[in-house]
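Engineer: As a plain string of letters, each chain reads:
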Amino acid sequence: MISTLLSRLQRGPDGAPAPRLAFGADYNPEQWPREVWEEDVRLMREAGVNIVSVAIFSWARIQPGPDTWDFAWLDEVMDLLHENGIGVDLATATASPPPWLTTAHPEILPVTDRGEAVWPGARQHWRPTSPVFREHALRLVRAMATRYAGHPALVAWHVSNELGCHNVYDYSDDAARAFRAWLRTRHTTLDALNHAWGTAFWSQRYSDWDQILPPRLAASHPNPTQQLDFKRFSSDALKEHLRAEREILRELTPDVPVTTNFMVMPGTKGMNYADWAAEVDFVANDHYVVPGPRERDELSFSANLTSGIAGGRPWFLMEHSTSAVNWQPVNLAKRPGELARDSLTHVAHGADAVCFFQWRQSAAGAEKYHSAMVPHAGADSDLFRAVTALGDTLKALAPVAGSEREPAEVGILFDWESWWASEQDSHPTSLLDYHREALEWYSALLSLGIRADVVPTGADLSRHQVLIAPVLHLVPAELAKDLTRYAEQGGHLVTTYFSGVVDEHDHVWLGGYPGALRELLGIRVEEFGPLPAGRTVELDDATTGGLWTDRITATSPETEVLARYRTGVHAGRPAVTRRPTGAGSAAYVSTRLGVDGLASLLPRLLEPAGVSSELPAEVRGLVEATVRRGPEGRFLFLVNRTDDAVSVPGVTGEALLGTIGADGAVALGPRDVAVLRLPSS
Amino acid sequence: MISTLLSRLQRGPDGAPAPRLAFGADYNPEQWPREVWEEDVRLMREAGVNIVSVAIFSWARIQPGPDTWDFAWLDEVMDLLHENGIGVDLATATASPPPWLTTAHPEILPVTDRGEAVWPGARQHWRPTSPVFREHALRLVRAMATRYAGHPALVAWHVSNELGCHNVYDYSDDAARAFRAWLRTRHTTLDALNHAWGTAFWSQRYSDWDQILPPRLAASHPNPTQQLDFKRFSSDALKEHLRAEREILRELTPDVPVTTNFMVMPGTKGMNYADWAAEVDFVANDHYVVPGPRERDELSFSANLTSGIAGGRPWFLMEHSTSAVNWQPVNLAKRPGELARDSLTHVAHGADAVCFFQWRQSAAGAEKYHSAMVPHAGADSDLFRAVTALGDTLKALAPVAGSEREPAEVGILFDWESWWASEQDSHPTSLLDYHREALEWYSALLSLGIRADVVPTGADLSRHQVLIAPVLHLVPAELAKDLTRYAEQGGHLVTTYFSGVVDEHDHVWLGGYPGALRELLGIRVEEFGPLPAGRTVELDDATTGGLWTDRITATSPETEVLARYRTGVHAGRPAVTRRPTGAGSAAYVSTRLGVDGLASLLPRLLEPAGVSSELPAEVRGLVEATVRRGPEGRFLFLVNRTDDAVSVPGVTGEALLGTIGADGAVALGPRDVAVLRLPSS
Amino acid sequence: MISTLLSRLQRGPDGAPAPRLAFGADYNPEQWPREVWEEDVRLMREAGVNIVSVAIFSWARIQPGPDTWDFAWLDEVMDLLHENGIGVDLATATASPPPWLTTAHPEILPVTDRGEAVWPGARQHWRPTSPVFREHALRLVRAMATRYAGHPALVAWHVSNELGCHNVYDYSDDAARAFRAWLRTRHTTLDALNHAWGTAFWSQRYSDWDQILPPRLAASHPNPTQQLDFKRFSSDALKEHLRAEREILRELTPDVPVTTNFMVMPGTKGMNYADWAAEVDFVANDHYVVPGPRERDELSFSANLTSGIAGGRPWFLMEHSTSAVNWQPVNLAKRPGELARDSLTHVAHGADAVCFFQWRQSAAGAEKYHSAMVPHAGADSDLFRAVTALGDTLKALAPVAGSEREPAEVGILFDWESWWASEQDSHPTSLLDYHREALEWYSALLSLGIRADVVPTGADLSRHQVLIAPVLHLVPAELAKDLTRYAEQGGHLVTTYFSGVVDEHDHVWLGGYPGALRELLGIRVEEFGPLPAGRTVELDDATTGGLWTDRITATSPETEVLARYRTGVHAGRPAVTRRPTGAGSAAYVSTRLGVDGLASLLPRLLEPAGVSSELPAEVRGLVEATVRRGPEGRFLFLVNRTDDAVSVPGVTGEALLGTIGADGAVALGPRDVAVLRLPSS
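Chains as they are written, first to last, in UniProt numbering: chain A, 1 to 681; chain B, 1 to 681; chain C, 1 to 681.
Hints in this document: simulated from the structure, not taken from any laboratory. There could be a bad hint or two in this list.
Computed, partial: chain A to chain B, Cβ under 7 Å [as the list claims (entries may be wrong)]:
hint: 1; residue: Phe57
hint: 2; residue: Trp59
hint: 3; residue: Pro99
hint: 4; residue: Trp119
hint: 5; residue: Ala122
hint: 6; residue: His151
hint: 7; residue: Pro152
hint: 8; residue: Asn326
hint: 9; residue: Tyr369
The beta carbon of each residue, even a glycine, is placed where N, CA and C say it ideally should be.
So that you can see chain A by itself, here it is in the shape it has in the complex:
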């Protein structure tokens, strides 16, 4: 449905028939006097803005009391935007309940696991499971949809905002009631639940559904399956809220696509977006760079995963920042070029929209130090000039709009359930970071110049010659079968330590690790081998492992040893194995090699699949390449990952962005991005 949206964006005053990439921001005119609105639309036109999200935090303004409504200002905003050729992604405005509602109904406030109310004062202070909140929120959604159905500016619905950013885990009595209902659906009988949760341990056997509680503050480690089911429930409870809003929107405006802004980022773990994606008409995402040693890779990874969640179809970058944010310990401004490179990396991974939080930087409030398209300094600023230049760039990339990603030979499997399960407490190690593991494999592939798709569990695995599944901890029987079939039919599976350990109830697969994958991998491990922080082991291929070291016994005659431990308690024993099976193979990496180590190992893992870099050798690791494919052609994105100039030789095609020199090379300045339409093959 994103194409519908994009096509509507063409119906602006300029009447341009060509496809467009969307460009815009959250727009909060209620923070400003009326006279500023005129400057806003003038500057939006100057910058090439064609879409804005409106009313995200306007509940208190739209509905100042239980039975008072004020739409006049919003009517004016909608009209003004439409008159200026700017489409509106209209929020349902339910993100932050107004003071009158929480004063009248404090029972909608979330409660922490320690029993503390989460009070108003910031935002998102509502229980996902509160019937009272739901009733008021849906009443507002209905009012909004009724009011703006048919408004020509309306191009999409924006349900709530960053659902679950602060309220995914609520331990209130409402949550307890909803959790019980969810558990009844999942487990059907108390006996099944008692079995699934292993309540024979620690005298936890339930004799009535009403005895069950969320995992509130406990004396020691709460029941792990209770914890895992509570994570599933919490994600589902928010999804249920999303569906409830969406149903009203579909009823009243069936032709307007509905989305909500996900937050595919390392710190956002609570919402299983792979599971949510089916609920929206197109996937939208918010992304903010968290400074760190691999911040660029993380941005690419998250954009890539968002594309995976969207099934490879175009998606919407609903928020990112033009420069500094305000919620990190130290908030750095972007350097010249970073704004465009960040934006275009998202486009390279399938984004058909580049939007920001927010249009005009607030003078007051909790996010006044968050950058915007129009900064405190005003339009006469380098930042606004960079924004305007980005608008021009996106116009030049119009042909890309609507294209999908071209599948890569390598897939990285990203699994929310394994993320949740592998990092629970009372585990062999508390140092394991699921997301970091996946990102390190991705970084290693980037450094080798090898394209990879990050895909969620449930995606079509057969698209990839090689499937890397780091720490695939939770493996139900069905998934084990799928992976076995994948390998037997010619796929090359790579997995790691602490994979295949538990089933969907977090019960250990017995008989030796890696449980569910033991036969496929042709190995057996009797005890886990976590390493203390700072402790490393050396391998005989000159790599170094950390975090973990398994004592592997090969159990199949076909099992090959790709590397052995040279030091550590398992010196001389296998560290990396591969077992050929059917037309494919299954490999196991038993320690954390880090990006460099993985880059050293990967060629051996990819070799049986015949996978290697598509890039000229001299730019591998310096340039990230992606390919989008659509009705307008195949598009190659070349992103200069470095702060130095890079020349990419041997490129043919039509340059939409950048130029192909006389020498047949694309010259990329520091942080530059080039986009080429590839010759039809």
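Following the hints, put chains B and C in place on chain A, whose structure we already have.
Structural biologist: Relative to the frame of chain A, chains B and C by itself:
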């Protein structure tokens, strides 16, 4: 009114007519059997003690039940002290409510932002806004004042104790009610409040005063203006309590001066003492050294600021320690000489009293490991001998009593509102420490041997040729005008990064930073430049900056560049600027240079004002000099900041403490202090 | 009574008449399907298991509702075990209340000092003082004892489980009521309590018992004696629960010994086990190694202290681990040999039973990653083979069963009250770690090859020529007298900084430190000398001190100086002193020398007592030696502390474990243990 107090102290049995410096401690005889009291007064006389604070924590003893009173023991104490020529600074005894009161009225207990009651067991477990507590406290004050009005030992009233040390921030329902009333007074209308708080953001618009709450635990950053107003309110709520007690005392004992002990120290941020000072008849302060790299400078800074708060008039050092305290992670005893140097540094900055917590070290209770004038070891101890020697020294300094501080050419502006506002959350950096910034400028001046006064906002700026205002973050329009006038009339203003950014409502001054001071400084900054921890930038004057680096554009033809960045993202651009204006100038320092860097820069900043050290070159940085001026003459204090001997040449005058050698030099041993009456000029 | 238990274990089907060491584990068959039970008993026999603890967490299974009981499964388990010659240490099953009970009676849940309920979800979520919980728990105990009285498998009762592991500190209203009752018993009158607690300080005087509360969240440091009494009360409250269960068991099964599993480990500070020991028929302990630089020494220390608590009589190792645990940040598997060495070190210190948590590793629940005798990998595993080998070893050590420890010349005094008191807040330093201090002395003795007994206060001191009492902080008058008598009668007392400081009410002994021991030691200290973290002082004997440095004045002509400070503020003054008195002496060590420093100092401290190592010089520090003595002879245990081979020459006797070579030496492989029956002397 401190002169009244001091003159009363002369009316002891010795009948000495000369002025006196006060010397004494908190005295808690109720902790000891009656027979110890006799030894107490004997030792007090031996040590030269002439004042003690009594009954600070005696509520439960004086009023053992709601309608039971026991004054007999206190009568005896008062009489005994008077008989021995010792004046009494009598506490109102309201500091710590007795168990019967909190048992009967648990609704007086403070509540944390997470909703937790703060239970009895320690001290100060009362809500500043509790009507019930207020009623009981004032009843006690009235009883105390009625009982001791006219008692000859009574020389001053000591309201409560360290108001706000633990209870400044209370989030109870009482606090909510009082906060609303305070907000009505401040903002008058809800519309004004909604504007001031920027409630258009995050759907926070209030439609009724009763919807407003203290900034309790929230899902994310609470509204910043709500936070700032709550800080203002919390300071005011305690001030209101102080006034309520004082009014009763003034009614019943109009001739007895009233004070309360402030805590001017880096860790005590909640009470705006500059604002409180007008409420007391003389300023009193508690000060404890927190070990650190510049602990000596901090002591001087705090004493100096206390003097500033007192308007340069004499003040009362109500508490400090003879040696170790008990509440730091590791509590170090003072080394020989430190007791006297600490005490005399306070006197050098205007203290007319040197008092300690406490007279006799407790054998039990939470502060039994806090040092006292009489330690656990008893009077036969080095510590008590040092105390006695200090008593003799203070007698020798009697002429100093009543003198005021002689204004310095340099002033450092210390602004509570900027302290509060600059360190709020969701800011460009969480590493900024307002107090540290001010102290570093002070340390740099000390190291150059240049006297400076630390003065609160509202003081008469025209006294100082140079006014340094580090991180003057919150600048209402009126203050901006005052500073502009100051510079135009010949003053030399120096300010830094993150100054002039917001108005009194914490709204950003738009159009470019440093907002309110942009025109005066003749510069413009488009984006903030915080630096990550450990990251530094070099300047072309060989100094090094941290924490921050601004990208400065000069906007006035007069703007001069005093230093440029040599490294970092702004290499080649201005780092330190000055714009001459009228008869003065306005300078801007855009990075944190640290003490050494500031010491290197300061001569260039001071040069236009013609300010330089008054000390001989060879002792600059080794010796701290202050000057007090009163009816008995001008007094020069020379404090040896080092642990080595220092000789200060070229001094003329009468030595009250120390000696002027034949060579016209004052020889200061390690940690020594000399005091000289300067020749009348 | 442990002999009764062991003799019962002989009555298995094999009918062996010889004494036996017990070997087994917690056995939780309710976690597994019935068919697994058959494999369980088969493998138990294979491993030599002769005892298991059953029903520890079976409450919810045994009593599925208030008036429903299900004993059938447990009958079957008991019968099955008996048929296979395996005795049962039967739990009273009260450790973890079932969901129906906490749902019906949430008022049994513990409450934190911040007022938070501790919810079900883990275990031990009950208030020790809840009358409701007590009633339900005792009803269960009565049902269990009635059911299984006379069952032939029943060899001992296991009261609850790890009492106080999570619930020792409860701040609920039940706790408040019980605390008051306890205080009435201890202090008799409110006046006495007010004196003991020093309530004259901070206005804390109580006028009614009902005003007293546990030390809940307070504004500052809660009253220290309140804190100390609350620690005593909390230990006593659990002891009272233990007694209540025991009384029912003694009533119904007078011949069956009763125990409960202590947790003598550094992190378990709340329960005064020295005080609890009299309440059980034999001492049982759980011990888990916490990785660290002296983990081996700590294991030995804890086993030694357990023996001390048991009065030197045999005790029961109720739980330890075969390999990794699951609750540390990183949980390491044991290396080859460690399982046996850990087990046998406990036996070396008097354990007559070697048991584990648990028999079969759980597939689900919070401890599924805790190792067991049968791991996830199953019986075909190195771990189960090591377990079986250990079973054989224990059979070979059968003659040791029932023997007591042979007193060592050196005793280390371990005092719970000093542990509690010395680490309270508002102290000279927060860096002091009482347990570490004791362990460092123990490690130093180990490194010198000198046997020492760790003994609790109240043990017969006269057994030891040298008594080391590190940080004996709380010294009531009676203890001071005992220690003085000890020294006068020929004992050699060694104590340290921060000893003798307070009496039983945590009141400072006045007149100079170390208060209660000042005269005995012949020294006086006027102020405490804590050192900041990382700061050290050097002594003139080439050792280095940290943490503390006292300024010592010798007050007796006999006081000798064994070492002086070479650096620091007390350079040149005494650092270590000794005063001969009567037939013995009293020495004082005024700084923390660390293990190496103590090892250097100890020979000088031991010399007057004529104590030296009993081991050949070449193996001192490499091998730990203990001696047990019983009806079957004297047994020498030689534990190789190192990971290298060690040869111990000159050993004579009969080797029960290991061999004496032709050269008269015992060859110990890495981590090996040898056990020899010494020739009768």
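Engineer: Please go over all the hints and tell whether each is borne out by the structure.
Structural biologist: Each hint, compared with the structure:
{"no.": "1", "hint": "Phe57", "in the structure": "4 Å, holds"}
{"no.": "2", "hint": "Trp59", "in the structure": "5 Å, holds"}
{"no.": "3", "hint": "Pro99", "in the structure": "4 Å, holds"}
{"no.": "4", "hint": "Trp119", "in the structure": "4 Å, holds"}
{"no.": "5", "hint": "Ala122", "in the structure": "4 Å, holds"}
{"no.": "6", "hint": "His151", "in the structure": "21 Å, violated"}
{"no.": "7", "hint": "Pro152", "in the structure": "26 Å, violated"}
{"no.": "8", "hint": "Asn326", "in the structure": "5 Å, holds"}
{"no.": "9", "hint": "Tyr369", "in the structure": "6 Å, holds"}
Of the hints listed earlier, those the structure fails to meet are numbers 6, 7, in rising order.
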